[in-house]
Structures are given as structure tokens and as C-alpha cells.
Amino acid sequence: MKGPGFLESIEAAFPGAVVGSQLEALDPWIEIAPARIAEVCQWLKSRGEPRFDSLQCVTAVDWLETDPKKAAKVSWQPHLEMVYHLWSTSARATLVLKVKLPRWSGDVAGHLPEIPSVAGVWRTADWHEREVYDLSGVSFSGHPDLRRILCPEDWVGYPLRKDYEMPTEYHGIRCR
Amino acid sequence: MPDLIEDDPRIIEFDVRTDEMLVNMGPQHPSTHGVLRLVLRTDGEIVSETEPHIGYLHRCAEKIGENLSPRQWIPYTDRLDYLAAMNMNLGWALTVEKLMRHEVGEKARHLRVLISELNRISSHLVGMGAYGLDLGTFSPFLYAFREREKILDLFEEACGARLTYSYITVGGATADLPPGWLQRCEAFLDQFEPIIKEYHALLTTNAIFVKRTAGIGVLSRAMAIDYGCSGPVLRGSGVDQDMRRDGESLYTGMYDGYAFEVAVQKEGRYPRDHSYPTVPSEAVLGDCWHRFFVRMLEVVQSMDLVRQAIDRYAACPEPLSEPLKLFEKLPVGDAYLETEAPKGQMGFYIVGNGTPIPWRVRARSSSFSNLSVTHELCRGCLIADVPAIVGSLDIVMGEIDR
Amino acid sequence: MAEFLIGLGLPGWVAWSIAALVAAVLLLNVIAGGALVFIWAERKIAARIQDRLGPTRTGGRFGWLQSLADGIKLLAKEDLMPEGADGLLFRLAPYVSFCASFCAFIALPFAFDVVGQRLNVGVFFVVAVLGLEVFGVILAGYASASKWSLFGAMREAAQVVSYEVPLGMCVVVPVMLAGTMDLVTIGEKQAGWMSSWYLFHDPFTFIIFWVYVTCAVASVNRAPFDLAEAESELVAGFHTEYSGLRWSFFFMAEYGSMFLVSGLAAVLFLGGWNGPVPVARLLGFSDGTGESAAYVVRLVGLANLMGKATLGVLFMMWIRWTLPRLRIDQVMTTCLKYCTPIAAVMFAGAMFWQLFLPGGLFPGWGRPAGEIREGWLEGPGGLPAAASPAEDRSSTVTGGDPVERAGLATRSPR
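Order-wise, the sequence lines are chains A, B and C.
So the first sequence is numbered by the working numbering: it starts at -8 and just counts up by one.
So the second sequence is numbered by the working numbering: it starts at 4 and just counts up by one.
So the third sequence is numbered by the working numbering: it starts at -16 and just counts up by one.
Be a bit skeptical, because a hint or two may be false.
Claimed, not checked - With the Cβ distance kept under 10 Å, some of the chain B side facing chain C (calculated, not the full set):
#1 Asn27
#2 Gln31
#3 Ser34
#4 Val38
#5 Glu48
#6 Leu138
#7 Leu145
#8 Ile199
#9 Ile211
#10 Phe212
#11 Gly271
#12 Tyr273
#13 Ile386
#14 Pro390
#15 Gly394
Said to hold, decoys possible - Below, in silico cross-link-like pairs of lysine to aspartate or glutamate (EDC-like), each with a Cα-Cα straight-line distance of 16 Å or less:
#16 Lys130(C) with Asp259(B)
#17 Lys130(C) with Asp243(B)
#18 Lys130(C) with Asp179(B)
#19 Lys130(C) with Glu69(B)
No lab work stands behind these hints, which were simulated from the structure alone.
Please read all numbers here as calculations on a predicted model, not as lab measurements.
We put the beta carbon where it would ideally sit given N, CA and C, even for glycine.
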């Protein structure tokens, strides 16, 4: 959804929820504070104008440069970025929300970052968040059934993390 | 426990204590369309709970995409929805072009419409034939495959492959159509048009088919939107949405000047500019029959679009635009684009970081969301309805598991 | 044959055993050979219906040896049994099915007096023994220790109670018309022109024939009633766990019963071994014409019946490759809610037709009037038409001992 007016209406409804925005990008996006994402989404779905009644895609991008030479040059700190693509069937408009998360909660490796689940807002998010949990390692609080979806349930690690290393063996099956 | 049983009026009625049974449908089951596993909790023939288990075909396509240039990843998109590989190629190519702010020439544009709509026909033919198979009739499947073969022959001529084409690529297509191709394509369409009546006779209007599909697996409009269903599943529930008309301008621009009407029931009627059978009285909007029927309408619609595209493509004097280089630097930024693939809206997300290799690749597949309604649709149905419902969603495991 | 052997000086029991053995071997060949031919035919017909070629190579042209090759393959296959299966029942089940299908052939006449064993309750025997085939299916499903097989068995059990009722009612109509349960007599009563077939006896029999066809297809588990195997739902239903020869026994039983119900339809409704035109009678042949003439007549009759039964089987193949499968509740609805009332009404209709229009709408046209009456109304005791027995019955119902009726009334709520 283009236009600054929309951004302001979110800010008015949720003071402090909007952390940043980039309205000139190819797909203009609004960055939301991690803790507020579920309520903002609920508002966007039920009260926003237009109503974003459908969620197209939920995904996570792992921003981590594993190559130390390149890592010195990049301008960003390592983090995880959640991207929500919203869609309004009535207005046929899209909206992109982004949320920045630490790669590990409290910087302790293995402790997944937490974010409120939007599965209660759109049922689409149910499986999409499971996939993000499975592949990128984000824990969704309030998700009805947070299990791995594509990988086996006893799989170790989060394959879409940049520092993921494929295990050499899985139940006696050679993987590499 | 005994008190509980005596209090339950259903149990007294049957007089025999019944127990629920867990049944694994798949991953090696004839009608789960690939390696889908459905765990059914059944009470006799009645299914009380269905739980899909997916991931048997997971090939880490997204992770592979983070190590290849966008053009190198084109063959991997073939393997998402392998029944509509052209549409997958197209979706990815357009997404990359969106990120690179690249526009293809007129001729490539019409070629893309022509090829992707032709692939839509072949995908719906498989969907239709396999649906007949799910309901226990074998012949429509072969009638559908007979026609699909001819489309595959045309594709083979154009790009050398019959299933995984990698034909449409970033910046255009890998090759121009061979001479005489358009005439052969037109000859196929002329030959194919009357055959659609056969399909309607064997399936759409068949009394048993109607009995098996009408009123089964009703997906309400609100639920379809809530679950992010798309394509014929969404339109079968009466939601008037087609990315070819409603999507982003980069994609809808491809269909500029093309005349087509979205196949959806509006005010109780489908667009009727051909001799379609009428909707049976038992059918409820959003049931298996409507999902199937929308696909059948889209076959005719796509034929119409192919005809239009043939004329426009033939009228283009300039040569086909050259594809971009294999390793072209991607700008910093991200782009997301949904296209209308035969199974539904296929979304690709790409994050570029200034190198030729994308930082993140994501494929949001329609079947993934479409399949997620299974547990809602199958609640309380009979075992025989499970293949009928799953078949009507027309899923392809390739794009679900990626 | 037995008489012939006794004439040769053999003791009676030996003669009868040899005769029975010969008949049995012949019938076994009919089933086994028939199954081979029909499986090949099914492949070719299915292929042609579906715009393919089917087998083309095995045995030279047309792939006519395909079934034989299949048979050899099945023989060579490993005979698997699931670990948790009930071994005895699992092994027994295919034979139960096959034997039932085979035994029912005993009473089926292939031409006048060309019958394994002429029974005065032939119809009853065939229907009853054919019903036993289902036990093999249920047994197989139950003993396989597979959930899908169990589903198949349960479906079969539900299906059998639905189709047996209307099937029995359909079969009773020709029995009523002929006044006998002897299949040979029923066939012989339809001698003459095509119009004397029971199919064309009156409108009710015409309709009930189609009810019979529906129920017969259901009884042999063919699409659209192949719920017990339902490959798209139950993997392969009751025979999921079977392989090799045991599996092929189920198939032989299926093709055997297909042929049997078609043969039964031919005898009951389609004039049996009598052709559409009474060639033999026109040529002046009869049993009195001489041994060789009778022989020829029987051979022609045999060809007639085989042809009709084969047509029936082909019809079943045709619908199998055309229609989708019904759901179990729809099968039960079709059989119990539609076929049974229709059969009942048609049964009553045929009965009244027989009472009031015994000679047909145009007496003397086609069927010799009165021929059919003999067994039914002018049987022993010579019932004078309709009125009196009905009166008798009503009097016993309304009259009788009041105490006993009261007793009945008090007992009935249980």
C-alpha cells in the first residue's frame, strides 16, 4: 500500500509500534516492533482501511555474513528479518511488514528468537509460521501447533540460516 | 469411563462400543497426488480428523537458490509445480525482472502469454484427469493425457523438453518458436475445442460424478480467504480474484489488451459465452464440483487467450528480446511478485545484495496454502470423500515441499 | 452320461463319480479359460475405450497370449503374507471365493439339458451359492491384518446386505412367470421368437431386468460398485495384501461370477439358449428329429447362451471404464432405497399382468397364449385364478383365535 497516510494511521492506532519504514522501495514496507506485530496485524485485518483480509506470505531472511572478510564491509548487524506480505482482496492492494529479530534470543546460540504468532489473525500463517520455525528457527508465541513441517520432527538445526551446516548423517543415512 | 460411555447417546444407539482408528493415507497411496501423507482418524467410514503430513519431497530449493544466480535457478523452478513448469519459470523470471527493473519486449511478452496459457491448459487437463481417477473412473484420465501429449509435443518443439522446460527465462525466453509452430498450435486448438464436450459428458454432467462432488467439501468464501487459498480453489468459492487482472502492474501489463473474463460465479452465474453445462441443483458454491468446474472454464478461457496471443505474437515484427546474462548483478533490495499459476497464486520473493547471487530466495506456493484447508474440509466426511476433496484442491507436492 | 456308463457295465457309484468329475473338469475349464479370455478382452476393450492399443505383442498379434503371460508371472511371484495376518483364513479366503463362484456354475444350464446338475431349485442354488463368494472377500479383508483390507471387507459386508435383497426380488419374477425354480425349465419356457423372452414379457419385467443388471454388477464388485477394492480410496481394498496366485484366484472368481450373473440374466430374462429366431423350430428340428439334430440344436443353444453371457460381461466392462465409483452410502441408497421398492413394485406389476393379461397385450402374437400358464395357475390343485386364495388369506388374518391374537399383540413390542 503506497502513500504515507496509511503509515500515519497505524502510528496513530499503535503509538511506538512502527519502528521504521521505506516507502520508496520497490515494495514499500513498514517495520513493526516485534512485540506489537500480532496486534497490528489484527487491526490491519479488522479495522484498517483497506482491510488486509489475506496473508500472502510469511518468510524470514537471515542477515548474517559468514565470510569474515565480507562481514567487515557490510553495513548491518547480523539479525533475522521477518517479512509479511499482506493482501486485501477487496482493494487488491498489498502491504509489506517487516520485523527485525535478533538471530538468537539473548545472543545465546540455540535460543530461538520469539515473536507473537499471527496464526490467530490469518489461518494462512499457521503453516507458513511452522515453515519459518522449521527452516529459519523463529519461535512463534501463541502458535497453535508449532512443529517442524518440511523437515523430519527430529531434525537438528535450521537449514535456511546462513551458518547452517548440513549434518553428516541422519539416522544412519549419509547426508554429505 | 463407563459412566461417560453410558451418557453418550450415540453409543447407546449403536449398542456396540465403537473405537476410532488411525489410518495412514499415503505417502504411498494411489490418490494422494504424490508423496502426501494424510493421517485419518476414522470412526468406521466417517473421518473425524485429517492431518496432512508434508515434506517428503523437500529438496531445499530455497537454500539452493541462495547459491545460484537467478537464471541458474530457473531449472529449479521447473521442479516446483512440474505440471506447469512454464508458469513457474514465468513467475520467477518476472520477480527477478521486477527487482532489476527490467522490461521485456513486446514479442517476448506475447510469447510468454502464449506459452504460459498453453501450459495452464495442460496442467488443468492433468488436474481434471487425475480427479476422475480419484473418483474411480479411468478413461477421462487417458482422454486428458492424450490431449496433453499434444501440448507437450508443442513444448518439446519449442524448447526441447517435455516436462521441465526452463524455457521462459529472465529477460525473455531461451529461444524463439520454430517455424510453423504457430500453425501447429492453432491446429491443436481447433482439434481440441470439440473434445471439451467429451470431458463434460464424462465428468461434469455425469450423474455419479455430480453425486460424488456436489455439496462435498464446501469451502466457504471467508475460510478460503482466511486460509490464503488461491486460484481455482478460491474462485470456486466465489471470490472474484485473478492475479492476471488484479495483480501487480508488472504482471497485469503482460495481459494488456487481452480480453478474458475471470472464471468465477457472480450472482449465481458463470460467465457464459460458450455452451457450458448448467450448474446442477445439488452443487453448493465452494464445493468440489465448483472447483472442478472453474478449472474446466479456465481451459476454455486459456484457449481463447492462446488464440489471441498467437495473433499478436505473429504480428510482432521485432526479434525476441535477448535473455539477461547468466550472472547479472542484482540491485540491493527485495521484490515479491505473485503470478496466477494454474494451481493458484505463485509468489516468489527475492532479496538482492549487489552480487549476482540472491541473498534470499523464497517460493510461496499456492498448493501449500490450498492444502492447509484439508483438515477443515475433511471433517466428518466419508473416507471416499477424502480423495474427492484432496483431488479437487489439485495439489502438486513439488511446490508444497519445494 | 452316467446312464451311458452304467450301460457299459460300470457300477452305479463309479459311473456317477466319473460323470460328475467330467462335468466338474469341463466347468473348471469354462471358468479358467473364460477368465483368461475375459481378462484379455477387458484389456483390449478398456484400451480401445481409452484410445490406446492395449497388449499388442504377446503371442504374436493382438497380444492374445497376454493373460497366459500374466498367469505365468503370477505363478512365479513371491507369495507374501503379512506378519500379523491370520494364516489359515488368509490362505483360505481366495479358495472360498473361487469355490463359491465355481459351485454356482453347477446349476447353470448352458443349453437345453447341458447342465452340470439339473436342480429343481436351480435359481435358488445359484443365487445362494454366489452369495457365498462374499465370504471369501470378507475373510480376506479380515485376515489380512491391514486397515485398508478391513475397510474393504466392511464395505463388502455393507454392500452385500444392500444388493442381495433387490437381487433376490428380481430373480423371483421369472421364477413366478415360469412357475418353477428349475433353470432348465425357465429357459425352455422362453423358446420361440425373441418376443417370448421374459425381458419382453411385459413392461414390468423389462424394467426389472435393468434392476437386475444394477444389482448383478453390484454383486460381482465391478465398477461403479467396486467399493471393496476401490483402488483410489482403499489402495486395493480386500486384496491389498495378496500377491501371486492367491490374488489371481480372486480375479478368476470375479470373472467367473461376472460370467455367471450374465449367464443367469440370459437364462432368466434373455431366453437362455434360445436365439432371437427359433431357427431349429423353423427348420423342423425337435427332440424327435433324431440324435444328431438334437446335438446340433444343443450346440447352437450353447453358442447362444455363451454369446449372451459374453455380451453381458462386455456390458459390465463398458460401464466399468465409463463411470466413476459410487460412495458406500450411495450404493446402499441405490440398492435399498431405489432398487428394492422398484423391484417390489415391478414384482407386483408382473404378478398382476400375469393374472389379468396372461397372453400379453395382443394374445396370440409372438408368444403362444396359455403356454406360460401351465406351471403357475394350473399346477397341482388347479387353483382357479386369483380370487379364492386371497380371500382365504384375509380370513385367516382377520379371523382366528382372539386369545392367540391378543397374545401376539402383547408379545409384539419385544
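- Message: Interface hint check: Glu48(B), Cβ to nearest Cβ on chain C, cutoff 10 Å. Holds or violated?
- Response: Status holds, d = 6 Å.
- Grab the minimum C-beta distance from Leu138(B) to chain C and call the hint holds if it beats 10 Å, violated otherwise. holds, 4 Å
- Message: Does Asn27(B) hold up as a contact with chain C if the rule is Cβ-Cβ below 10 Å?
- Response: holds, 8 Å
- Task: Verify the interface restraint on Ile211(B): the C-beta must sit less than 10 Å from at least one C-beta of chain C.
- Result: holds, 5 Å
- Message: Holds or violated: Lys130(C) and Asp179(B), Cα atoms, limit 16 Å.
- Response: violated, 54 Å
- Task: Tell me if Ile199(B) is really an interface residue toward chain C, meaning its C-beta lies closer than 10 Å to one of theirs.
- Result: violated, 16 Å
- Message: Using the nearest Cβ pair, does Gly271(B) come within less than 10 Å of chain C?
- Response: Constraint on Gly271(B) not satisfied, violated at 26 Å.
- Message: A closest beta-carbon separation below 10 Å is what the hint needs, so does Phe212(B) meet it against chain C?
- Response: holds, 5 Å
- Message: Using the nearest Cβ pair, does Pro390(B) come within less than 10 Å of chain C?
- Response: It holds, given that the least Cβ distance between Pro390(B) and chain C is near 5 Å, below 10 Å.
- Hey, Lys130(C) versus Glu69(B), does the alpha-carbon distance stay inside 16 Å? Violated, at about 44 Å.
- Query: At a threshold of 10 Å, is the proposed contact between Gln31(B) and chain C supported by beta-carbon distances?
  - Reply: Holds - the Cβ of Gln31(B) comes within 10 Å of chain C, reaching about 8 Å at its closest.
- Task: Below or equal to 16 Å on CA atoms is what counts here, so check Lys130(C) against Asp259(B).
- Result: violated, 55 Å
Hints 4, 8, 11, 12, 16, 17, 18 and 19 from the earlier list are contradicted by this structure; the remaining hints agree with it.
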